[in-house]
Amino acid sequence: METIRYEILEKILRAQLPALEREAVIPQDLPLATVGLDSVATVVLMDTLEDICGVTFPDEAIAPATFRTPGSLWAVLGRLASG
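Be aware that the sequence shown starts at 2, since it is given in our numbering, and climbs by one per residue.
In case anyone wonders, no lab produced these hints; they're calculated from the structure.
Careful, some of the hints might be misleading.
Unchecked claim - Quick list of in silico lysine to aspartate or glutamate cross-link-like pairs, EDC-like style, CA-CA up to 16 Å: (1) K12 - E22; (2) K12 - E24; (3) K12 - D52; (4) K12 - E51; (5) K12 - E61.
Said to hold, decoys possible - Derived DEER-like restraints, expressed as beta-carbon distance ranges: (6) E61 - R23: 18 to 28 Å; (7) T57 - K12: 17 to 27 Å; (8) R23 - D60: 31 to 41 Å.
We put the CB at the ideal spot given by N, CA and C, even for glycine.
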């Protein structure tokens with residue numbers, strides 16, 4: 002399966018979280034809760050990522066640590082995409 006580029010994740014995050022600045026690079030260590038990622042937004046984001054990236058989040062990946070920062074989310078997506 003193809004590797005998921007960080008730019009794709011950024012685009013999805015911008016669409017889901019309007020508080021993110023449109024032009025700036027999203028820091029991988031940005032706490033997503035500070036820009037509006039709550040429990041409902043997390044479910045929507047996960048569903049969107051599954052559809053666009055062609056991955057399925059296993060139960061063990063559906064955890065607060067996965068969605069804490071763009072970097073943590075990208076790392077999980079990379080593992081899911083590679084196998």
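Hint check results:
no., hint, in the structure
1, K12 - E22, "holds, 11 Å"
2, K12 - E24, "holds, 10 Å"
3, K12 - D52, "holds, 14 Å"
4, K12 - E51, "holds, 14 Å"
5, K12 - E61, "violated, 25 Å"
6, E61 - R23: 18 to 28 Å, "violated, 34 Å"
7, T57 - K12: 17 to 27 Å, "holds, 21 Å"
8, R23 - D60: 31 to 41 Å, "holds, 34 Å"
In the structure shown, a violation is registered for the earlier hints numbered 5, 6, in ascending order.
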